[in-house]
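Student: If you want the building blocks of each chain, they are given just below.
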Amino acid sequence: MNKISSKKIVVVATLALGCFAVLSSGIVAESSQSVIRFGAPLPLTGGLSPEGKKMQNGLDLWAEVANKAGGIKVGDQRYRVEVVYYDYQTSTPRAVQLAERLITEEKVNFLFSPLGSGATKAASGLSEKYGIPTIAHSASSEEVYDQGYKYLFGNFTPNQTLTDPLSDIVKEKLPNAKKVAILARNDLFPLAIANCMDASAKKRGFDVVFFEKYAIGTMDHASALTQIRAAKPDWIFATGYINDLILIRKQMGDLRCSAPVVTMIAGPAYKEFVDACGPLAENVSSASWWHPAVRYKGEDVFGFTQNYVKMFKEKYGHIPDYAQASASACGVIFQLAIERAGTLDRKKVCDTLASMEVMTFWGPIKFGSTGQIISLKPPVFQIQGGTQVVIHPPEVQQSELRIGVK
Amino acid sequence: MLILQILVNGLVLGGLYACIAAGFSLVWGVLNIINILYGSFIIIGSYVAYFTYNYLGIHPFLSVTIAAVVLFVFGYLIQAGIINRVVAAPVLTTLTLTFGLELLLNNSLLVAFTADYRKVILENPLGILDMGGIIVPLDKLATMALALLLTGLLYWVLNASRIGRGIVAVRMDREAAALMGVKVKQIYAITFGLGAVMAGVAGSVMSVIFPISPLNNIVFLSKAFVICVLGGLGSVTGAMVGGLTLGVIESFGGLIFGPEHAMTLSFILLILLLIFRPTGIMGKKGYE
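One line per chain: the protein sequences are R and X, in this order.
When the letters of the first sequence are read in order and numbered with my numbering, they come out as residues 22 to 427.
When the letters of the second sequence are read in order and numbered with my numbering, they come out as residues -8 to 279.
Read the hints as simulated data drawn from the structure, not as lab findings.
You may find that some hints are simply not true.
[As the list claims (entries may be wrong)] What follows is a list of derived Cβ distance ranges for each label pair:
1) Gly91(X) - Gly389(R): 48 to 54 Å
2) Leu(-5)(X) - Ser112(R): 39 to 45 Å
3) Gly91(X) - Pro414(R): 54 to 60 Å
This one's a predicted model, so the numbers in the text were calculated from it and none came from an experiment.
We treat Cβ as the ideally placed atom computed from N, Cα and C, and that holds for glycine.
Okay, chain X solo, but in the shape it has when bound (with noise of 0.2 Å):
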């Protein structure tokens, strides 16, 4: 019983990972940019569902619509406005770049909302879901559900939608996108701006479980590097793939080696994949 809660245990972590992972993967995969604001979007979409919740009344479910918006703005013009500049030089130059622009966006969140922890605290809780004891709290599983959901949809518009396509052509080979009509810069934007939908998506719908502070960017962040290195770069299934094996194993590395150890077992897998595997567990480079 006690393995079987802590596999279950992993899987609901696993599947907030997912969703915290596949905008990360995305932006890295497509536009060989490591994006270390990615974590401070994922802050602001935990502040856009608090204060929606707490002065308009609005779920969190529910303001993921408001998140997605805002994000997508503010990260579409991150990269036309500034990224862009840079986005051809080495990959360096722009982790560089976006390591100078998230001091100033985490230090202009601690100035605006300090370091103080909050929390989505809902007037009515979902409950707890007893099989046969095994437990799961709702709130989680919901949470979990809907990041799975939203990153589906990801998926879905990557494959299915014209704009998705793109973004897959210019992957492939951006001059070769480009004399096909494909507006490059365009799309680079549109990707950074999905990447940061996803980002603020997930902090949204997690809001209700984990506490918000622009402290935590560097927790995300670290979880979002490791995923993409587990499940491969630039793969919505890879971060899926990814978020549910670091999940699993830290939730069994807790029960092993004591949960102290849990985040460094994460670290020790993700310089053993990088020496053997450094593909990830789906073994595709790029994105597919």
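Extracted from the complex, chain R is given alone in its bound form (with noise of 0.2 Å):
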């Protein structure tokens, strides 16, 4: 019994010495290979959380995917991707002194802007400062890129890219169509825009009957809703966040006002949005940055849009949309512009951003002299059978405008 019990846990001790050998050579592996870290301060808790996972979630999916094919190329040397992320908790003032923080003392190697033009805005400074290249990926404001400053690079277009082909669409399917009605919350992102699409629609011919704005927090719409009713609007455009625009287009619906076009950015663009809002969601219009109808064939790790696409859905079991996919965009943007520098040399791979023309799943990347991308064309889309359909350009159109909103 004793010789049986001995050879068992020999066997045993063994195999587990095996097994551990297994597991510290990958550690040790992993250990000895360098990294390169990134700073990445997202709001992950408070109202713009589902803003902020949405980041997170192509974030963590594009260091999974270079990792898993070795990582980043500098030089002769292989290095893993680390993001490194703060919850601010959506108080701006608390993104601005986490991203000062990952920068001295997490010792980040490069930075992803915190989420949203004001956000962004605010802690633009500090990539000034510290000399640290930083792509924001949820910054479309040009007020965020005026500033002179040279660290600063954004994957958004600016608004007007929107809400020009917006106007233009409009303008030709309801040629008879005069009234706009605008309410915008009174943040940066969705006031500039709103201050965008009260210009292109002027310039359209459009009058604006109505234009206001909503405190951050407003729970109740019912008052401005009401005079949008009363103004009898040919286009009611509404923007805000997520929660912001649920909440609008469900009192609409509560008291019947509606128009025959309605636009909301940035909601509609996501899943959460068509099923809070159920048949209400039905041919509300949008525009966005990006959409999985796109078709581009880039040098990046995902390669094809749909292979991004595919890959997404493995992961999180849905596609993605615009905010997942930018965030994930920043990412291969850096990795292009450190294996093109060669180098880990901030100010090197700053200007190999500044003078990049590179085509990845996202779309065609350059930036202009702001830093701000000048190379997209931004999809407008609609709401039609609970899908998201591009409309326009016409590269990728799927349908047309539909008329009538609930």
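Now that you have both chains on their own, put them together as the hints suggest.
Tutor: Quick look at the structure:
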């Protein structure tokens, strides 16, 4: 009996040692590979947490795919990607503090911006102060990029690249339409795009019969919607973040406030908007900077757009929206810039970003003199049959604009 | 027609506000405690409605009973176990205590439920009442009616029940009430529990209208503050008058000054009332 027990012990111990050796060699191998650290301050809790988590999903996917492919190639060496997240709880002052902590204490090599134009602008001074290349995954307002900063780059084209095509389409489909009503969240991006909408509409001969702002945190829009209903607009344009727009759409339904065309930015791009609004989401139009229907063949780790969509779906169980794709795109842009620069020197990477022209799954990447991307053609889409369907540009058009919203 | 619609919007909203503030006013007026936990109590009531509807199929208008029981027990225990130790202290002490408890409670809610917004989406929406062009969503109307009914029930309990008269007696004169055989500490706990019940009930009925998130605690608390100052402290009638007044003012304020200033207007009103009529519209001090 003792002999058998001893044998068993030896076998088990050998197996255990073997497993330990395999595991630890993996750990050692992993830790012996150098790491490039990217800082990502995000609102993982708070009012913008739905958007913040989308960014995290996008960045995690890119990091995983890049590491599986061997990491980022810098000269002859391969570096593992590590994204360091800090949750700033949807507080912009905290976003700035934590961005600085990522730079000074976590000593990240490069930085992704906080979420949205407002927080990006607030933290943008740090990029310049510390000379750390920063890519903004969710800032479109030109006010972010007109500060003369050299280290800040942005993945979204200016707001009028959304409002101009929208206005052209509505003008073409509804030539007799005259009146536009605009309701905007009093926040940097939503107000900026509402102002662009105002300008785009007026340039095309529309009358803006209503243009008001609502405070952040507003829970009852009845007063504004009643006034909009009384103005009998042909086109209602509302801006905000997903929670605002779900509430506005529902309260529009409650008060029978509608128009032949209803456009909302940026909620309808998300599946959550369609799920929450149900039949009220039908025929709501919107625009964004990317759509899964686009077809690009990129030089990045994802390659084709369809491949990115497939990999995202495999990891998360649903197709990506533009927010998630933008975060992944910022990752691949950094990777391509670092590989082309052949160094981790921040100034050289920054110069490479500034002069780079490259195709990715997100689209063609070329930054203008302000650091904002100038090469994209943002798609306009509409919710038809519960799905976001592209109606512009012609290259990826899937349907025509439908008139009439419940 | 526009003015009438704005007025109706304001009255419907005001009815909801009245329910929000009734419990807060009761606790402040009777116990002299500014209950900073109040906003989170409302949120808990909303979550009770949300989860019982989505997992048990219980309509939020029925789950008010569950919310009432849950919040009463919770409120009673907090008062009996913690706040009663400092109830005789200056109001700043109890305010600081409830502030600290609120930090604990709200962050616990954030950890448990995250900050993501949820909403009760009724399978069979109630529809809309069209009164010759004046539109009233029926879910808002029903919510308002239920809220006012429950507020009226509170008023009846406080005036017609033994416990209610005990609460009034303690507010009028604590020592005299004790001498008359009223168990003061128990009355305090029951009062706080009743305040929590009103918060939970308000949260439960409003879950069909407003989004649910721990982040909304400050919105509800600030509304309750303004309404109490508007209507008069410690008075259920005052909470009703204050709520209706605030709803109408915000509605017309949005029309005249723009929707972005509706909240600012309510705080300007708060300041003016504190300067010129600190006892509020009803003009009564304390609870009667």
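Student: Run every hint past the structure and note whether it holds.
Tutor: Comparing the hints with the structure gives:
1. Gly91(X) - Gly389(R): 48 to 54 Å: Since the Cβ atoms of Gly91(X) and Gly389(R) sit about 51 Å apart, the hinted range of 48 to 54 Å holds.
2. Leu(-5)(X) - Ser112(R): 39 to 45 Å: holds (41 Å)
3. Gly91(X) - Pro414(R): 54 to 60 Å: holds (56 Å)
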